[in-house]
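Student: Residue numbers (the working numbering), protein chains in the order written: chain A, 27 to 420; chain B, 5 to 139.
Hints should not be assumed to be uniformly reliable.
Unchecked claim - Beta-carbon label-pair distances, calculated as ranges: (1) B:48 - A:203: 57 to 65 Å; (2) A:224 - B:47: 51 to 59 Å; (3) A:276 - B:48: 54 to 62 Å; (4) B:27 - A:69: 51 to 59 Å; (5) A:183 - B:44: 54 to 62 Å; (6) B:113 - A:307: 46 to 54 Å; (7) A:211 - B:48: 56 to 64 Å; (8) A:206 - B:49: 52 to 60 Å.
As the list claims (entries may be wrong) - No more than 30 Å apart at the CA atoms, straight line, and that leaves these computed lysine-lysine pairs for DSS-like: (9) A:183 - B:31; (10) B:114 - A:148; (11) A:338 - A:394; (12) A:341 - A:394; (13) A:302 - A:341; (14) A:336 - A:263; (15) A:213 - A:263; (16) B:30 - A:183; (17) A:338 - B:83; (18) A:341 - A:307; (19) A:336 - B:83; (20) A:183 - B:83; (21) A:394 - A:213; (22) A:213 - A:307; (23) A:302 - A:336; (24) A:183 - A:353; (25) A:183 - A:148; (26) A:341 - A:353.
Simulated from the structure, these hints should not be mistaken for laboratory data. Small disclaimer: the values here were computed from a predicted structure and weren't measured. Ideal Cβ positions, reconstructed from N, Cα and C, are used throughout, including at glycine.
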Amino acid sequence: MRPVVVAGVGMIPFERRDEDSLVDMLAMAGWNAMEDAQLGDRSIDAVYVGNMASGLFNHQESVASALVDRLGLMPAAAERIENGPASGGSAVKNGFLGVASGFYDIVLVVGGEKMREVIGPKATDVVACMTHPQAEYIYGVTLPALAGMFTRLYMEKYGVTHEHLAMVAIKNQENGLLNPYAHIQMKITMEGILTHPQAHINSPIVADPLRLYDCCPVSDGAAAILITTEEIAQKLKRPIVTIAGVGQATDTHTLQERSDPTDLRAVRISSQQAFKMAGLKPKDIHVAELHDAFTILEIAESEHVGFFSKGKGAKALADGETRIDGKLPINPSGGLKARGHPVGATGVAQIVELVWQLRGEAGERQVKDASNGFSLNFGGFGNNVLAFVLRREA
Amino acid sequence: MEISRHWRLKRQRYALIGEVCPHCQKKIFPPRDICPECSEDARTLYQFSGRGEVYSYTTVYQAPSGYEANAPYTVALVKLVEGPMLTAQLTDLGDEPIEVGMPVEMVTRKLRSDGERGMLVYGYKFRPRLIEASE
Ligand SMILES: [Zn+2]
């Protein structure tokens, strides 16, 4: 395998974007990544599009073919990669494999989702379609419902409190205020979302114990990276950030079939694979983007990835270790909680944020002296997970 | 959803029939003809008693389309006395507070109706156990 460099990154602000179609958004993000790479001619060999549900959300399929046409990249190879909420991460992995194997030299990976074209309950239904149709979906199970049952077990087992959950939301929304691409630009307080007698009006229950501010918003958006070989990247005069480690693991489709439903096995295994490949350990990471679709997940993942031992993630959070100025900043972008979670975009947006951080281009939310980054893209309810280690080369 | 799909699933949904692996004795639900434990062929039908206890639960306030009329409703992980866990709605709760470990039993109830003229889908739900069956 040859080294793979992220030579260009681009995004569009995540928000409700009524004026843009899905393909418009993919094209804008892709264009931004190509511009960022300062690639002279646009001789792109292949385009991978991470997208979960364009059929159900937008009544459009084969969006990768539409995108190459939109960007005038024919005859580049093109395909859409669907892997639920990890569609973006899977698209990155496929692009990585294309370049690492020597089959392609320049690959554009774009992730995007346009969720706000349907009403709220319909969006909840589309996302719920990834659950087991006979064992979960038909009983009215939603992703917040699975996360709610997981949260209850995790709180009970490890002493995680409502305050801890709120701390994730408060931290990530604070970070989001420093990220012009973040959907949610609003400071929240412990009083406003939890302790005030009226807090239940500001943050109503979605699926108890999870409240509104424990859940990521429903967003439109897209993100893109351009990846290539070291040789080509060196000619582009951009800082060199390599994809040093890639991991992917699966778990049972349903939560009910896990012998310990609080154990995120696919997170553990995919992370170990990525660290092993990169020759790094969790303690070597300077900045991490985790998949906080629900506040509990940032805490649980920080433990399963190996940053903190089991049951210690909430304390590290409360001690400020995961703030931008802490020992291990987690989700300086605002995470899914504040940046938003246009499903297929997320895994790519995480890589975009890491590249900005490792290049020192993250503006007000810049983590100091970061040269090793980690991202985790959590598919299903933990049944298909991708992990990446990125490294700034000297 | 397709009528054929609901017809095909009637055994597992009305009678809680799963499978047991003849090789490693794992009890399987939902049935899939292949043992998730040992990857061997597993087609022996197994009727679960329908008794179990609440392992975890949540009350859903933001329901997906098709379930809005039922909201809020409570979904639980139910650990069956035979071992496997399944996911289902709790029903007939009355004023009783839900607790982890609460004994429950299976009943057949309407799961959803797809509009005024649409199909009614029935299946299992769990209610607090009426009689403490001897186990
Ligand atoms: Zn078996």
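Student: Against this structure, judge whether each hint is valid.
Tutor: Hints, one by one, checked against the model:
A hinted range of 57 to 65 Å holds for the C-beta pair residue 48 (chain B) and residue 203 (chain A), which are about 59 Å apart. For the pair residue 224 (chain A) and residue 47 (chain B), the beta carbons lie near 57 Å from each other, so the given range of 51 to 59 Å is met. Remark: the range hint 54 to 62 Å for residue 276 (chain A) to residue 48 (chain B) is contradicted by a beta-carbon distance near 26 Å. As the Cβ distance of residue 27 (chain B) to residue 69 (chain A) is approximately 54 Å, the hint placing it in 51 to 59 Å holds.
Taking 54 to 62 Å as the suggested C-beta distance range, the pair residue 183 (chain A) and residue 44 (chain B) does not conform, at roughly 33 Å. Between residue 113 (chain B) and residue 307 (chain A) the beta carbons are some 51 Å apart, a value that agrees with the proposed interval 46 to 54 Å. As the Cβ distance of residue 211 (chain A) to residue 48 (chain B) is approximately 57 Å, the hint placing it in 56 to 64 Å holds. Restraint check, residue 206 (chain A) to residue 49 (chain B): a C-beta distance of roughly 58 Å satisfies the suggested window 52 to 60 Å.
Pair hint residue 183 (chain A) plus residue 31 (chain B) holds up; C-alpha atoms about 26 Å apart against a cutoff of 30 Å. Taking the CA atoms of residue 114 (chain B) and residue 148 (chain A), the gap is about 21 Å. The hint holds against a cut of 30 Å. Note on residue 338 (chain A) and residue 394 (chain A): the hinted pairing holds, with a Cα-Cα distance of about 24 Å set against a maximum of 30 Å. Among the hinted pairs, residue 341 (chain A) with residue 394 (chain A) is consistent with the structure: their alpha-carbon atoms are about 23 Å apart, no more than 30 Å.
Distance hint between residue 302 (chain A) and residue 341 (chain A) is fulfilled; the C-alpha atoms sit about 27 Å from each other, no more than 30 Å. Pair hint residue 336 (chain A) plus residue 263 (chain A) does not hold up; C-alpha atoms about 42 Å apart against a cutoff of 30 Å. A distance of roughly 38 Å separates the Cα atoms of residue 213 (chain A) and residue 263 (chain A); the hinted pair therefore is violated under the 30 Å criterion. Only pairs whose Cα atoms come within 30 Å are accepted, and residue 30 (chain B) paired with residue 183 (chain A) is accepted, the gap being roughly 27 Å.
Of the pairs offered as hints, the one joining residue 338 (chain A) and residue 83 (chain B) holds, with about 28 Å between alpha carbons and a cut-off of 30 Å not exceeded. As the CA atoms of residue 341 (chain A) and residue 307 (chain A) are separated by approximately 21 Å, the hinted pair is consistent with the 30 Å bound. At most 30 Å may separate the alpha-carbon atoms for a hinted pair to count; residue 336 (chain A) and residue 83 (chain B) meet this at roughly 25 Å. For the given pair, residue 183 (chain A) sits about 17 Å from residue 83 (chain B) by alpha-carbon distance, which is consistent with the 30 Å threshold.
Distance restraint check for residue 394 (chain A) and residue 213 (chain A): the Cα-Cα separation of roughly 23 Å lies within the 30 Å cut-off, and the hinted pair is therefore satisfied. Restraint check for residue 213 (chain A) and residue 307 (chain A): not satisfied, since their Cα atoms lie roughly 34 Å apart, outside the 30 Å limit. A threshold of 30 Å between alpha carbons decides the hint, and for residue 302 (chain A) with residue 336 (chain A) the separation of about 20 Å falls inside it, so the pair holds. Taking the CA atoms of residue 183 (chain A) and residue 353 (chain A), the gap is near 26 Å; set against the 30 Å cutoff, the hint holds.
The suggested pairing of residue 183 (chain A) with residue 148 (chain A) is violated, with an alpha-carbon distance near 34 Å, which exceeds 30 Å. For the hint linking residue 341 (chain A) to residue 353 (chain A), the alpha-carbon distance of about 13 Å falls within 30 Å, and the restraint holds.
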